[in-house]
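Q: Okay, here's what each chain looks like letter by letter:
Protein chains: 2
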Amino acid sequence: MIEPMTVAALHRAYSNGAISVGELLHDCLARARNDSHQAWISLLSDEQLETYIINLADHSPADLPLYGIPFAIKDNIDLADLPTTAGCPDYSYQPSEHAFVVAKLIAAGAVPIGKTNLDQFATGLVGTRSPYGECHNSINGDYISGGSSAGSAVSVADGQVVFSLGTDTAGSGRVPAAFNNILGLKGSIGRISCRGVVPACKSLDCVTIFAKTSDDLAAIWPVAAQFDEQDEFARLQPELIKAVAPNFKFGVASAEQLEFFADDAAKSCYHQAITTLTEMGGQAVIIDLAPFSQAAKLLYEGPWVAERLAALREFFSAHQEQTLPVIQTIIGGAANYSAADAYAALYQLKALKRQADQQLAQVDFIVTPTTGTIYTIDEVKADPITLNSNLGFYTNFMNLLDYSAIALPAGFRQNGTKQGLPFGITLFGPAFYEDALLSIASRWQKQLPLPLGALQAQPQTIDLCVCG
Amino acid sequence: MIEPMTVAALHRAYSNGAISVGELLHDCLARARNDSHQAWISLLSDEQLETYIINLADHSPADLPLYGIPFAIKDNIDLADLPTTAGCPDYSYQPSEHAFVVAKLIAAGAVPIGKTNLDQFATGLVGTRSPYGECHNSINGDYISGGSSAGSAVSVADGQVVFSLGTDTAGSGRVPAAFNNILGLKGSIGRISCRGVVPACKSLDCVTIFAKTSDDLAAIWPVAAQFDEQDEFARLQPELIKAVAPNFKFGVASAEQLEFFADDAAKSCYHQAITTLTEMGGQAVIIDLAPFSQAAKLLYEGPWVAERLAALREFFSAHQEQTLPVIQTIIGGAANYSAADAYAALYQLKALKRQADQQLAQVDFIVTPTTGTIYTIDEVKADPITLNSNLGFYTNFMNLLDYSAIALPAGFRQNGTKQGLPFGITLFGPAFYEDALLSIASRWQKQLPLPLGALQAQPQTIDLCVCG
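First to last, the sequence lines map onto chains A and B.
Count along the first sequence from 1, add 343, and you get the number used in the numbering used here.
Count along the second sequence from 1, add 343, and you get the number used in the numbering used here.
Treat the hints with care, as some may be off.
If several chains are the same, the list does not tell them apart, and a pair holds so long as it fits within one copy or across any two.
Distance condition first, Cα-Cα at most 27 Å in a straight line; then the derived DSS-like pairs of lysine-lysine [unchecked claim]:
#	residue 1	residue 2
1	K640	K693
2	K447	K696
3	K724	K592
4	K789	K592
5	K696	K761
6	K447	K724
7	K789	K640
8	K447	K693
9	K610	K447
10	K789	K696
11	K640	K610
12	K610	K592
It should be emphasised that the hints constitute simulated quantities derived from the structure, not laboratory data.
Just chain A, with the same shape it has in the complex (with noise of 0.2 Å):
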C-alpha cells in the first residue's frame, strides 16, 4: 500500500515499478469493499474495473496527467457503469454516459471504482440521509461524516482513492472535508460542468474535489474545470488570478459575529489557524460578516428550496412518499413559495452581494471555520433539522453570493468531549479565484504539515499535531 496515496506518490510507484496500476486499482476497489463506513452506494465489478485498466494500456504518467489515479464519484453524478441513484433507490437510473466531468477525468487516465453515498438529493450537510446507511466519519465512528458528500469524502480520507467527485449547493464540498481531515474545493459555478449530475438547485449547484492535499487539487482542476458549451451554466474563466501576493491580507469576523455552538475546542483551534496565516505573512482584517450571515440565511429560509422541486417536479408529484421524511418536509415546503417570493429573494441577494463584495474587496481573501462544530450520528437523529442547519452557518451564502472557496484541515481538537475530532477552516474569494486559493493553500500545507486524511489521523498520532 502505497501512503500517502497522492497522485505524485502513484506516479511516482508507477514509474519505478513499486506497484502496477492494476494491484493498485484491485487494492483500492479491495479496500472499498471492505469499508465499514457505509461510504459506497455502489462498486464496480473486477470486470468494469479491468476494462479501465486495459484502456490505460498504452499510457503512462508522461501522458496522461491522471494516469491510474483512483477515484470515487458521488452518486448524483453518471457514471455509464452504474446506476445513478441520488441516495433514492426509487429515483434510480441507468445513465447511457459519463456526466462530462467524469469523461474528462477519465480521459485524463484517472479511474473510477464507484458511486458514494450521500445525503438523499444531495439535501443536506450531515451525511446520515440516505436509506443506504449512515455514513460514518472516518476518524471516530460514533460522529457524521458530513454531507451531503458524504461518501466521496470519507473514502478519500480513508485512503480507498485518491480523489472524489462531490456536489455543493450548500456547504456539501466542504462540510464533509472538514470533518475528515481532507481538502474540498468548491470552485465558482459554472467552472465544472453539471451535465450528467442531478440537480439540487441548479442554478447554485457545483461539482467540488475532495483530496488531501493542494498538489493533488491543483492536478486534478484543470482537468476537472474544461467549459462544457452544453452546459448552460457554465462560463468560461475571464481573466487568470494566479497567485497570492507573499504578504497577504485576510479577513475575519469579529468575536461576536463567530459561532462555535459551545464547541471551545473548535474555537481554539480557530484563534490558532489565524496565528498560523499570521506566520505566513498574512494580515487579519476585521470584516463584517453580517451581509455573508443574512445571505446563508436566506438560502434555506428562502424560495431557493423550490429550485429543489423544480429539479425534481415529475418525480416528487409521483413518489413522494419513497423518499425519506425529513426530505418530504423540506422540498415539500417549496410549494409556498410564489414566483413573486422567489423574485424578491432575488433582489434582497443582490444587495447582500453588494454589501458581502464590499467586505471581500478589502482583502485578499475571506477565512471562517468551515463548520462552527461536529455531531454526533445520535445527535442528528434526534434533531435533524436544527443540527443540520447549524452546520451551514458557514456555508450556506457562498454559492449564492457567487464566490470560490477552499476547504482546509486545520488541526484537531485537543481536549473536549470531541477531542482528536478534525476542524477545517474555509478561505474564500470571487468567482474565478480558484488558482489563487489553491497557491494560498499549498502555502497553507507546507506552514502546518498535518498528518493526511484519516489513516495518518489515527489517536496515536494527533497528540503531534494538535491544532498546527
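Here the structure of chain A is known, so what remains is to put chain B in place on it, guided by the hints.
A: Relative to chain A, chain B alone:
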C-alpha cells in the same frame, strides 16, 4: 426656435448669443404646455424652471457637457420637483430626491422640463394604457406613440426637449423610438442606475435615452451611465469595446423567421435598411432567430410577470381596482406562478441564452426591425393584448438575454395604409457593447441623412427620403 434642436446646435446658439439658456428653456416649457399629444403628466412651474436656470448662471458648455439641455423624464423616474405617478394617480408619491441618473444629468447641466406619460406601471408597448390619456404619435396622431415610454419619445420627436429618459423592460425604450423617428439607446442592465425608478421587472429594467441623433446619445450616455454602488443591479463596464470595424458582419434572420404582420411597406423598409448597411461596408450573415424568439415568448408567457407583482405587491393588494383593467389582468396573472416555475423558466432561459450567444458570436451585431408594424389607437383599443404582444416580437428577448441595443430611424413607409409613418431598425450586441453600437449608429446617420424627429418628418418632406 433652434431646429434641429440638438446638444451641439444649442451649445453653438448659446455660445454665439443667438439665444439665452433662459429663453430656450422657457420656450421649451411653453411648447410642452401646448403639447397636443398627451405626452406629459406634469410639468415644472416657471419658478421651478427658473431655479435650474439660476444654477447655470456661472457655467457654460465649456465646463458642463449638457449645459442648458432640456430633457423629459418618464413618470416612473423620480424628479424631486414633481410627484412620481407611474401612470397611476393612486400610486403617486412625492420623491424626496432625484433618481441617481436624473441627479447626474442635472449636475452635468441638463434641465428637466417635466414628467411624461406612459403605459401604467410601464406595462405595455402601446402608449395608450394611461389614465392621463392615450399618447398620440408625433407624426400621425391617429396612430399610437408606442410605449411604455410614450411621452418621452413624443416630446423629443416633437422638438419640446433635446432628449428624454425612458425605461425598457420588454421594449419600452425602443418601440416608441421607432414610431416617432428618433433613436433609443437601451444600454446593458445595470449600466444606468435604476435607483429612484419604479420597478417593472427589477432584474430586467433599464433606464434608456431617446434623442434625435447618435451624437446626442454619445454626449448623454457617459453622463447617464455612471456606476451607482447603491443600486444592487448596477454593473461596471468590464472592458472597452469602442467601435465596430469599417468592414463588419451583421446578423439578419431568414425571411421565414421575420414577421411584419402583413405590413408590406415595413418589410420593404427593412430590406432597404439591409441594403444600406451593406453599402456602409457590412456583410449580412444569416443567423437563426429561433432562440431569441423563444426567449421573447418566455417574457410574456412565463413567470417574469411575477416581478411586476413583486414590485407592487403591497399597493396592488390594497388598490388593485384603482389600476387599469388591462393591468389588473396582466399583473393579476402573476399569482399563477410558483417559485418552482420561476426557477424552471430561468433554466430554459439559460439554455436559450447559450444558443443565442452562439448566433451573436458570428457577427459584430444583429439587426432586426424594431417592430414588424404599427397600429392605430383604435386598433389597439379593439384588441389591446394581442396587438401589444405583436409589438414585442423583436424586443422582448433583449433584457432577458442581457444584450445592449440601439433603435434607429430607418425611413418611412412608401405606400399602403400606413404610408408616411416611420420605420425603425434595432441593432444589438452583447452586454457592455454600447460604445460600439453608438459608433455604428453614427455611421448609419451619416449614410442615411433622414429628417430628424417629427418636425422635419411632416408629409411634405417625407417624399424626399422614402426608405432612405
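Q: Are the hints correct? Go through all of them and say.
A: Hints and how they fare:
1. When the C-alpha separation of K640 and K693 is checked against a cutoff of 27 Å, the pair qualifies both within a copy, at 14 Å, and between copies, at 26 Å.
2. For the identical chains of this complex, K447 and K696 are inter-copy neighbours only, at 25 Å across copies versus 33 Å inside a copy, given an alpha-carbon limit of 27 Å.
3. When the C-alpha separation of K724 and K592 is checked against a cutoff of 27 Å, the pair qualifies neither within a copy, at 41 Å, nor between copies, at 63 Å.
4. Taking CA atoms no more than 27 Å apart as the test, K789 paired with K592 passes inside one copy only; the shortest distance there is 19 Å, against 53 Å between copies.
5. Taking the shortest Cα distances, K696 and K761 never come within 27 Å of each other, neither inside one copy (35 Å) nor across copies (50 Å).
6. In this assembly of identical chains, K447 and K724 lie within 27 Å of each other by CA distance neither inside one copy nor across copies; the values are 38 Å within and 58 Å between.
7. For a Cα distance limit of 27 Å, the shortest separation of K789 from K640 qualifies neither inside one copy, at 35 Å, nor across copies, at 55 Å.
8. Proximity of K447 to K693 under the C-alpha cut-off of 27 Å is restricted to the inter-copy arrangement: shortest distance 23 Å between copies versus 34 Å within a copy.
9. For the homomeric pair K610 and K447, neither the shortest alpha-carbon distance inside one copy (40 Å) nor that between copies (49 Å) is at most 27 Å.
10. In the homo-oligomer, the alpha carbons of K789 and K696 never lie at most 27 Å apart, since the shortest distance is 33 Å inside one protomer and 44 Å across protomers.
11. Proximity of K640 to K610 under the C-alpha cut-off of 27 Å is restricted to the intra-copy arrangement: shortest distance 22 Å within a copy versus 53 Å between copies.
12. In this assembly of identical chains, the alpha carbons of K610 and K592 lie at most 27 Å apart only when taken from the same copy (21 Å versus 61 Å across copies).
In this structure, the hints that do not hold are numbers 3, 5, 6, 7, 9 and 10, in rising order.
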